[in-house]
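Protein sequences appear in the order of chains E and X.
Per our numbering, the first sequence starts with residue 1, numbered consecutively.
Per our numbering, the second sequence starts with residue 1, numbered consecutively.
By construction, these hints were calculated from the structure, which means they are not laboratory data.
Take these hints with a grain of salt, some might be off.
[Unchecked claim] A few chain X residues facing chain E, derived, Cβ under 7 Å:
hint, residue
1, 235
2, 236
3, 239
4, 243
5, 246
Values in this document were obtained by computation on a predicted structure and should not be read as measured data.
Even glycine gets a Cβ: it sits at the ideal position worked out from N, Cα and C.
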Amino acid sequence: MAGKKTIAVVFGGRSVEHDVSILTGLQFLEALDPGKYDGIPVYVDPLGQWWTGTALTKRSHYPLKGDAHKDLQQIHLDLATAAAGRPQFTAFQKSLMGEKRIQIPFDLIVPAIHGSNGEDGTLQGLLDFAGIPYAGCRTLGAAGTMDKVFAKKVARAEELKVLPELIVNRPEKGTFLDPEKIKQELVAALGSETYPLIVKPCNLGSSVGVGKADDIDGLIAALMTAFRLDSEAIVEPFVPNLVEYNIACMNSPDGSIETSAIERPAMDADVLDFKNKYLAGGTPGGPKLDSGPSEGMVSLNRTLNPDELTAEQESFIRGTASGIFKALKLAGSVRIDFLCDGETGEIWLNEVNTIPGSFAYFLWEAAETPVSFLSLTNRMIEEGFALSSSRLGATDAQAGDSKIFA
Amino acid sequence: MTDKSWFYKELGASENTIHWLHGWGTSHASFSRMAELFKKDASNRLYDLPGFGNTPALSKDAGTFEYSEAFIKQLDPSQSHIIIGHSYGGRVAIQLAAKYPDRIKAIILVAGAGLQRKRSLKFKTRAFLLRTLGKLARFSDSLFKTSFREAYTNKFGSTDYKNAGVLRQTLVKAVTEDLSPQAREVRCPTLLVYGSEDTDTPPEIGRKYERLIPLARYEELSGYDHHDILSRGAYQCEALIKAFLKDIENA
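The task is simple: from the sequences and hints, build the whole structure.
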């Protein structure tokens with residue numbers, strides 16, 4: 001059909017959340033309106049190589065074994081837009097006459113990589129640099145939310161409620177953390193040295209590397225664990241009677257910010273086992289009732305629209321989520337996570353995920369005005385085209401008298 | 001529930017009703033994911049076909065025609081209806097639309113069966129040899145009280161055939177039938193959705209239906225097979241079906 005746009009969904013990636021990202025990417029591809037879009041799966045393997053091929057669309061093909069790459073085509077993103085104006089991947093095909101270069105044109109990239117090298121603004125920056133349209137948050141929002149300390153600073157500036165924190169840097173090689181110094185810093189940053197405390201790496205989206213400390217020895221141990229993943233760690237007070245709430249935000253076509261249903265995830269929901277939880281059946285001769293829906297974030301135990309929330313708490317969550325979304329000029333479907341003391345009912349903004357698992361579509365489908373996954377993908381793609389085309393006007397060096405070499 | 005009424009699960013409430021007929025060897029539950037996406041727009045009746053799930057079987061030699069005759073009795077006679085059929089359910093939908101043009105508003109076949117595929121000479125030869133072997137086994141059983149036929153079925157019978165139980169004759173009838181004459185009689189708008197990786201009802205069957213049915217729209221979804229088109233492919237089917245239903249409303 002003429003006028004169909006080709007959407008390249010990039011997933012996998014060099015990140016600890018590699019496996020979850022595969023599901024997010026495949027789910028997005030499956031929810032593309034076939035009347036408007038053609039989807040291309042683009043898999044970034046743990047080595048950072050990019051691949052495409054229909055074999056990538058089946059969950060049963062993961063994890064890819066060494067020889068599974070045979071059906072796939074390795075591709076490179078062309079950073080110089082072709083004369084025709086469409087971005088493209090290039091690949092090399094072996095033939096009798098030697099290697100032949102082939103082009104795979106597309107219209108927009110959907111980053112579906114969670115965590116570092118994808119959700120953190122690096123991929124977005126690369127795409128902006130190359131002038132390639134993409135969906136979701138721009139570079140600033142993606143980078144600003146990935147750095148938890150920075151995101152909290154912005155939240156404080158916007159008078160949004162967050163927990164106090166202490167930043168600890170990884171000690172130089174050959175040196176150790178000084179417990180006395182950390183104790184002093186704790187008092188300075190949090191007001192007192194009160195345990196338990198929560199320690200997390202500064203730049204990771206998921207719960208990987210997060211630890212709880214009940215005393216100073218536990219704190220040092222938790223910090224060392226966090227430093228294996230990041231050079232900076234955040235220490236925060238532990239919220240007693242902890243209940244978590246998540247909500248998603250996106251831009252509404254009328255210019256306002258739309259919020260989704262609120263979920264209360266099951267507390268140990270972060271322990272994801274790829275094989276058990278994600279891989280759906282569907283092999284030839286396998287059971288006919290392929291339990292398709294059981295996958296990824298969707299299958300985790302959660303309560304949607306929990307009824308214990310008061311109207312006041314709910315409007316606090318919606319208001320704070322919209323506030324941070326607006327302050328960081330976010331886009332796409334963004335999930336914002338909150339911490340709550342179940343006894344006192346006090347709530348704090350915890351973190352922002354610009355590429356949440358499954359793009360949080362289940363939160364949108366359960367919203368007061370439901371948004372189907374199909375229309376979510378539509379809206380994210382249209383927004384991506386609009387944002388990318390409005391970013392740069394004339395990029396010509398002639399513009400604005402900045403030409404030096406005549 | 002009387003013997004004559006079919007079990008169904010209802011999803012959503014609306015004036016418009018969509019009737020869902022599942023494929024061989026499954027039940028109404030095979031549509032549970034996809035029909036969920038239509039909850040806002042229609043009342044969805046997900047039936048168990050006779051002999052599957054909670055609906056008792058028809059007579060032993062019932063074929064798709066008998067299924068369609070039994071099904072028309074489930075439908076409100078004052079209205080014309082929309083039917084979505086997967087695989088075997090698609091055969092029943094074709095039979096209905098052919099015989100009751102006034103009662104059927106539109107049919108949607110998702111990986112619908114009912115037409116014979118082009119087979120290679122190798123396949124035909126093998127099928128002929130196997131059929132002959134099966135006949136010999138049965139002949140020997142009747143003459144010498146051997147049990148070759150059972151061994152033959154265990155070795156060469158399809159999973160569906162082995163599991164068919166009382167529906168074995170119904171299955172054999174379906175596998176050998178050709179609904180081309182019925183397809184030519186279909187007068188309602190028809191949507192045909194096929195998965196490119198489907199090996200049970202490959203795209204070839206959909207295109208053949210498209211040629212036979214006067215008002216047909218053929219759509220192929222790349223990367224889906226006979227079964228995961230209902231689960232993984234649910235959203236893409238949703239988009240195609242909704243676009244199709246909108247077009248017939250506007251027509």
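Output the numbers, in ascending order, of every earlier hint that fails for this structure. 5
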